[in-house]
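2 protein chains.
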Amino acid sequence: MNQPSDLERIQDAAVTAQAMDDLDALIDAVERAVDSGQLDAVAAVLAALRPADRVDVFESLDLHQQKLMIGELTQEEAAEILEEMEDEDAAEVAGALHPEDLAPILDAMEPDEAADVLGDLPREHAESALEAMDDAAEADARSLMAFSDETAGGRMTVDFVALRTTDTVGESIEKLRGMAPDAEAAYYLYVVDEHDRLAGVISLRHLVVARPDTRLAELMDTDVLEVPASADQEQAARMMARYDLMALPVVDDAGRLVGVITHDDLVDVLEEEATEDMYRLVGLDEEERAVDPVRVSVRRRLPWLALNLGMALVLVSALDSFERAFAAVPVLAVLFPLVTGQGGNVGTQTMTFVVRSMALGELAGGNQRRLLVKEVTIGLVNGLVIGAMAAVIALVVASDTGLAKQIAFAIAAAMTLNLAAGGLLGVIVPLTVRRLGYDPAIASSVFVTTATDTLGVLFFLGLSYLVLEMA
Amino acid sequence: MNQPSDLERIQDAAVTAQAMDDLDALIDAVERAVDSGQLDAVAAVLAALRPADRVDVFESLDLHQQKLMIGELTQEEAAEILEEMEDEDAAEVAGALHPEDLAPILDAMEPDEAADVLGDLPREHAESALEAMDDAAEADARSLMAFSDETAGGRMTVDFVALRTTDTVGESIEKLRGMAPDAEAAYYLYVVDEHDRLAGVISLRHLVVARPDTRLAELMDTDVLEVPASADQEQAARMMARYDLMALPVVDDAGRLVGVITHDDLVDVLEEEATEDMYRLVGLDEEERAVDPVRVSVRRRLPWLALNLGMALVLVSALDSFERAFAAVPVLAVLFPLVTGQGGNVGTQTMTFVVRSMALGELAGGNQRRLLVKEVTIGLVNGLVIGAMAAVIALVVASDTGLAKQIAFAIAAAMTLNLAAGGLLGVIVPLTVRRLGYDPAIASSVFVTTATDTLGVLFFLGLSYLVLEMA
Chain D
1 MNQPSDLERI
11 QDAAVTAQAM
21 DDLDALIDAV
31 ERAVDSGQLD
41 AVAAVLAALR
51 PADRVDVFES
61 LDLHQQKLMI
71 GELTQEEAAE
81 ILEEMEDEDA
91 AEVAGALHPE
101 DLAPILDAME
111 PDEAADVLGD
121 LPREHAESAL
131 EAMDDAAEAD
141 ARSLMAFSDE
151 TAGGRMTVDF
161 VALRTTDTVG
171 ESIEKLRGMA
181 PDAEAAYYLY
191 VVDEHDRLAG
201 VISLRHLVVA
211 RPDTRLAELM
221 DTDVLEVPAS
231 ADQEQAARMM
241 ARYDLMALPV
251 VDDAGRLVGV
261 ITHDDLVDVL
271 EEEATEDMYR
281 LVGLDEEERA
291 VDPVRVSVRR
301 RLPWLALNLG
311 MALVLVSALD
321 SFERAFAAVP
331 VLAVLFPLVT
341 GQGGNVGTQT
351 MTFVVRSMAL
361 GELAGGNQRR
371 LLVKEVTIGL
381 VNGLVIGAMA
391 AVIALVVASD
401 TGLAKQIAFA
411 IAAAMTLNLA
421 AGGLLGVIVP
431 LTVRRLGYDP
441 AIASSVFVTT
451 ATDTLGVLFF
461 LGLSYLVLEM
471 A
Chain H
1 MNQPSDLERI
11 QDAAVTAQAM
21 DDLDALIDAV
31 ERAVDSGQLD
41 AVAAVLAALR
51 PADRVDVFES
61 LDLHQQKLMI
71 GELTQEEAAE
81 ILEEMEDEDA
91 AEVAGALHPE
101 DLAPILDAME
111 PDEAADVLGD
121 LPREHAESAL
131 EAMDDAAEAD
141 ARSLMAFSDE
151 TAGGRMTVDF
161 VALRTTDTVG
171 ESIEKLRGMA
181 PDAEAAYYLY
191 VVDEHDRLAG
201 VISLRHLVVA
211 RPDTRLAELM
221 DTDVLEVPAS
231 ADQEQAARMM
241 ARYDLMALPV
251 VDDAGRLVGV
261 ITHDDLVDVL
271 EEEATEDMYR
281 LVGLDEEERA
291 VDPVRVSVRR
301 RLPWLALNLG
311 MALVLVSALD
321 SFERAFAAVP
331 VLAVLFPLVT
341 GQGGNVGTQT
351 MTFVVRSMAL
361 GELAGGNQRR
371 LLVKEVTIGL
381 VNGLVIGAMA
391 AVIALVVASD
401 TGLAKQIAFA
411 IAAAMTLNLA
421 AGGLLGVIVP
431 LTVRRLGYDP
441 AIASSVFVTT
451 ATDTLGVLFF
461 LGLSYLVLEM
471 A
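Sequence order for the protein chains is D and H. Throughout the first sequence, residue numbering follows the numbering used here, covering 1 to 471 in sequence. Throughout the second sequence, residue numbering follows the numbering used here, covering 1 to 471 in sequence.
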């Protein structure tokens, strides 16, 4: 009695969720249905959803439930789910399937996605699955597995349309009819010469409106951008974003067309790279995800915290040399965090700006000097204003010491100097880190904040020492 | 004698730069040529470049030089340059042109880009230019100017292909021939009913390979995603990224098709939104650019620094209550920054992770509780390890006080508590800020770091006080 109403509720929820763009209710219903063993009902719901929504629902199940469910789906549905999942998660589900059951799912997947999953499987399991795949899909997958994940070759699909310079428009349209290529790669049609070298590109629209007896060699645009298969995926994505390309052809060392990077890859790479920069700036691993177990996250974050603690020894030893000043004028210990904190803020602001501008390709050679001067100036001006405000705070906090004016002067001057230093270091550190061949996002923040902390202490306590000695 | 060799050098540089993907040399050559008045040579070089490269070179000129150069270009070249520039910069150049000269350039621009430039011009100047434009382009621009910049309506192009449900495939291809629509909008063909309401979509590829006498109503996919014109551009971009769409139709309140958001807009919005989140997390304005004058940057950054200083008063008053402890045991002032600094690191890590996950739509309701528990656990575990390391540092630094063991215990316990607090606050603060209807990126970091700073002080100095009293 309970079952049909549950099923109805789930199906209603599926429709509503799709309309409402809110999957939470649906996910709850599906989890309950899986727990009570209604796998066929869940399979029906999954089949009704769009691929991206289907994956969200599927991924909300735990691994055990996922392994149960994947067997209930058609090969096409299973293929779409594995395509949309993160590679490692997909490999975990795929690894639970017998190679004979996995092979037809891999056959139905886009070749680049199938290759990614196979690459993350244990070698033996992958080999058995490859042998059980159909020959064409196996060959595609093997050729793609040769490229590493983060290169253009690792991102490209081999499921593209290549026409010949000697084809006519009419012949090309006939070819298209015969090929029925995947929709994702069929906006630009690439034209190759007799040696399979990329010779030009023609948009489908131009082909459609051209006279049927025209040869492609006359019609095609020969100024076609391409990347080598070994290029970094970010370089390929940056090129597509810059030149507004929906697809980018990938060539081998001999200039032969071997694949195409499509717009969905562009979007994925841009999102990944933005996430990577954001995460690296605060010492997070770009692979970090909400579903990671605690021990994985701890292992990922601990080294950065430990590095920060190690670098903080510089700050500790600077502070240590002022121990007597703290004993004599303890209000100095109350106030110095204002100088270190604001220096860190300015340094982090500037560094974030520089790292992002570099990622977006907006920081050419000549601009760097101008930027350095500008950031130091901004730091100085902000330092004067914030320093004046900090001086007011110092006047109040230190009012009972009889040294309030001297300390207020010291904090104003130290703040100005430290915010200028924050601007300077926020530019110099990421530029230097990049010049040394490292990712500026990954290492800059530790250096910048250590430096602004330490300098802030030296400026404020050093100046206080001088001013109070003189008093 | 000098002139031809200069021109040759520039043209060589243009070719090399395009091949090398490195524009610096070219930019230098062009700046020298403009300074020596060789505007026609520069115009020839600009014409030879791809639009994105052309804009980089053009933007490297100062505003005065830009105004000189724009008059030397054809209307199409000028249109392409204004399309690629940031809206405000484009408006500045456009504002320097007489409305009669500007109008044909606007006619040649994509309607959405023309509307953006017009929207940033002084009202009177925009009105004169609109009246001088040709009637169709003027009508398009006026209708687009009605939408605000950051909505789907503000992003869409009106230069799209709409076919009728009652058209046949053959008729549709004839229509395409007649329309010669802009390539950017011609991958998906949208199909409308007799009331101009969006009824379905068909890819150009499907149209090309279908039988010519088939009616579109039979062929089209009726499950077509759409956004209202008033929707936020981020919502539209998120939808396109999620469902791998190269274009997204925009409808008015009556469901009529009014425009299309294309893949280049998707890329722009995703980059803008990622930049916005990164910048807001550190108190930068998302409009901040390297070319801003110092006074603009100061005005943009100062309020956030001042807010941080204001919030730091909480920290100062916490520290102030331990003034006597600093006088008695000054090494406490040397060590507490370790606890506050690491608390801030963990809080910032967690907050960045939460803000980015929210932006990518990866944080649904049920996950939030799980995430909270997980982050607090990670904080505790990392706190134990980092706390133990800090205790070793304390043993060394405080070795001459006779209180080293007690202080080491206090710092280990305080570190553990503060890193757990960092995990807790890093989740709770952005979720709460979002629930209150604000952007979690914009306000969270000030609260999180103020809280971890203050708690770090209270934990460490409070514990020290207790432990040392007992000693």
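Hints were generated in silico from the structure; no laboratory data involved. Since the model is a prediction, treat every value here as computed from it, not as a measurement. Think of the CB as a built atom: it goes at the ideal place given N, C-alpha and C, for glycine as much as any other residue. Be aware that a few hints might be false.
These stretches of chain D come out as covered by chain H in the derived footprint (C-beta under 8 angstroms, 3 or more residues) [what the hints assert, rightly or not]:
| no. | segment |
| --- | --- |
| 1 | 67-75 |
| 2 | 243-256 |
| 3 | 274-281 |
| 4 | 293-299 |
| 5 | 308-314 |
| 6 | 350-363 |
| 7 | 372-380 |
Results for each hint:
1. 67-75: violated (count 0)
2. 243-256: holds (count 3)
3. 274-281: With 6 residues in contact (Cβ-Cβ under 8 angstroms with chain H), the coverage given for the segment 274-281 of chain D holds.
4. 293-299: holds (count 3)
5. 308-314: holds (count 4)
6. 350-363: holds (count 7)
7. 372-380: With 3 residues in contact (Cβ-Cβ under 8 angstroms with chain H), the coverage given for the segment 372-380 of chain D holds.
Checked against the numbered hints given earlier, this structure breaks only hint 1.
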